[in-house]
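*Asks:* From first to last, the protein sequence lines are chains A and B. Mind the numbering: the first sequence is residues 1 to 365 in my numbering, read in order. Mind the numbering: the second sequence is residues 1 to 365 in my numbering, read in order.
Certain hints may be false.
Unchecked claim - Some chain B residues close to chain A (C-beta under 10 Å, calculated; not the full set):
1. 151
2. 153
3. 239
4. 269
5. 310
Hints listed in this document are in silico derivations from the structure and should not be mistaken for laboratory results. Beta carbons are placed, not taken as given, at the ideal position from N, Cα and C, and that holds for glycine.
Protein chains: 2
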Amino acid sequence: MPPACRWGILGTANIARKNWKGIRLSGNGVVAAVASRTPERARQFIAECQSEVPFEQVPTPVGYDELLASTDVDAVYVPLPTGVRKEWVLKAAAAGKHVLCEKPCGADAAEVKAMVDACRAAGVQFMDGVMFMHSARLPLLRKVLDDADAVGELRRVTSQFSFAADAGFLGGNIRVSGALEPLGALGDLGWYNLRFALWVMKFQLPEAVVGRVLNEYATDGRPVPLEFAGELFFPGGVTGSFYCSFRTELQQWAHVSGTKGAVTVEDFVLPYHGAESAFVVQRPHFRVRGTSFQMESHPTRYAAAEASDGREDAQETNMARRFGELVLGGKPDASWPEMALKTQLVLDACLKSARDGGRAVGITG
Amino acid sequence: MPPACRWGILGTANIARKNWKGIRLSGNGVVAAVASRTPERARQFIAECQSEVPFEQVPTPVGYDELLASTDVDAVYVPLPTGVRKEWVLKAAAAGKHVLCEKPCGADAAEVKAMVDACRAAGVQFMDGVMFMHSARLPLLRKVLDDADAVGELRRVTSQFSFAADAGFLGGNIRVSGALEPLGALGDLGWYNLRFALWVMKFQLPEAVVGRVLNEYATDGRPVPLEFAGELFFPGGVTGSFYCSFRTELQQWAHVSGTKGAVTVEDFVLPYHGAESAFVVQRPHFRVRGTSFQMESHPTRYAAAEASDGREDAQETNMARRFGELVLGGKPDASWPEMALKTQLVLDACLKSARDGGRAVGITG
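Sequences and hints are given; from them, build the entire structure.
*Replies:* Take a look at the structure:
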């Protein structure tokens with residue numbers, strides 16, 4: 001049997017169930033342990049996941065510190081609330097564990113820098129849990145964006161990621177808790193908008209950004225953004241805009257426009273359920289002849305043959321597999337922590353702009 | 001034979017060929033005369049249009065003043081450059097002619113107010129040439145937006161209208177002349193973005209706007225916007241954003257998002273060539289059960305059965321027909337000049353914000 005990356009899951013957030021399945025399907029990983037503040041909760045989480053997606057050896061329910069001390073664990077997946085994440089990532093790095101970290105990685109870039117530095121010092125991999133980075137759609141999209149005849153020179157990247165939270169969410173979900181998730185919708189959703197824009201721009205940072213909190217909400221006296229819009233000013237005159245919201249029903253579109261065409265992705269974060277991940281290149285042609293004015297649509301659809309979710313080739317499985325390869329390879333890839341840190345830098349600047357009346361804020365990497 | 005609205009076309013801009021055909025197909029209008037600075041040019045324009053789309057009685061080539069003095073003309077269509085439009089609209093109103101005016105209607109709202117006031121005083125109809133306002137798609141879209149169970153409460157309206165001008169356009173087209181088209185892409189394209197947002201909002205004005213000239217260009221020492229982005233802050237927390245550009249290839253999408261769903265229009269200005277004008281209501285469903293996370297797409301397509309262009313039921317034909325009905329009805333509809341004026345007010349405020357470093361600018365109707 002080939003060696004496997006032995007994962008510990010630090011917390012029992014719902015999203016960890018998806019990654020449990022991703023690890024199971026990755027082919028190079030096993031969940032060795034799950035930690036919770038109460039062993040009973042970890043036990044229940046394990047039982048429920050095992051009933052659907054069993055590992056041969058049932059993972060062990062443990063406490064947080066016990067998990068980090070375990071010699072049966074190589075890497076930790078950290079879905080803990082952002083507000084307490086730094087503490088545990090630093091402990092994990094100190095314990096020599098590789099870290100796959102949910103987003104937003106930290107409350108601010110200083111926190112993320114501390115995490116990234118700690119992981120580098122410990123020689124362990126750091127990566128944020130942005131699944132779409134691991135879709136086969138992305139290299140396909142890159143090829144199209146790099147094809148000088150398809151989209152041409154880039155001009156604009158725009159995206160929206162939103163869902164309408166229900167009353168229960170607004171009443172009690174940690175994502176509106178100022179202490180646990182101080183970045184609210186900007187951290188939970190805007191992270192994807194910003195990551196996508198940075199990816200399109202090959203991680204060139206914007207020179208400046210503008211942000212606006214359109215709506216905020218406080219459950220514990222510390223308001224968090226529920227709705228946020230921002231603009232990005234990249235070098236060379238490329239600009240971007242994004243909108244994220246807990247008050248607006250599900251949408252996850254992105255448009256990338258250039259001098260020759262545009263790409264539209266309807267579902268850039270979570271591909272629509274099915275057997276492929278797609279995008280469309282739009283190159284309409286306006287045909288004017290005498291009194292005849294016709295706007296012709298000339299879309300070309302590109303699709304990566306991969307499952308949207310829950311299969312061996314789905315993006316979350318690819319993420320677990322890629323992380324496992326890095327762990328097993330023993331040589332951390334510095335580009336992943338760098339991407340996370342840049343995303344947080346831009347996010348911070350957007351929020352700073354918003355807190356400062358929407359003035360343009362420069363970014364210093 | 002029923003009475004017909006007798007049109008005079010003031011200028012021979014290319015877009016007038018489309019409206020010639022629209023008038024011909026409207027069923028209640030005829031082109032009686034075409035004016036140009038040189039009679040030869042009007043003659044040639046008439047000959048070319050007649051060869052494709054003939055009127056029984058060949059329209060007369062005339063000079064501008066002659067056209068306005070003609071007792072054979074009830075209404076004028078004004079595709080003249082924005083920079084000289086006010087002068088001729090005021091003259092037309094004084095001559096008792098109804099006015100269908102290309103957009104942007106004026107260089108600023110003061111000009112448009114003067115035109116609108118002159119038309120009101122003369123008892124003639126004023127309307128801007130926004131064809132999409134006359135598509136059968138719009139009442140269908142209104143019905144969906146007003147259906148509390150479809151999109152829900154409005155939150156966000158976003159749109160892009162752009163095309164990449166070629167070197168010839170940038171070298172000599174009047175749309176980049178500061179004297180003739182001082183509003184550049186903001187006037188030529190942004191007018192549609194703003195009109196659509198205002199239409200969605202039932203012409204409630206934004207409380208404030210923000211604008212940014214992303215790129216500008218001067219052929220005559222007076223720079224015009226080539227690329228512009230703006231944000232709109234409506235009462236009740238509804239927000240909008242728009243982007244228009246002469247530097248970015250053809251796109252004309254609009255998204256309207258609410259608490260329950262969203263509407264996507266791919267081609268909100270000029271419907272893609274075909275037999276219908278469509279839009280899609282997006283109501284994705286994120287189904288989470290245990291370790292299974294599925295993002296389901298549940299789009300519903302709505303289409304108005306009408307030609308995109310060049311037929312009796314196309315939006316430009318509907319515009320000519322509706323204007324003809326107003327002329328023949330003898331009772332001007334005050335809502336059309338009001339819509340044009342509001343569009344220009346919002347546009348002015350966006351430009352003012354842009355010229356003032358992107359600060360929020362309030363709108364006073």
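*Asks:* Hints first: check each against the structure and report whether it holds.
*Replies:* Do the hints match the structure? See the list:
1. 151: For residue 151 of chain B, the interface hint holds, since the closest Cβ of chain A sits about 8 Å away, which is under 10 Å.
2. 153: holds, 9 Å
3. 239: holds, 5 Å
4. 269: holds, 8 Å
5. 310: Holds, because the Cβ-Cβ distance from residue 310 of chain B to chain A comes to roughly 6 Å (cut-off 10 Å).
Checked against the numbered hints given earlier, this structure breaks none of them.
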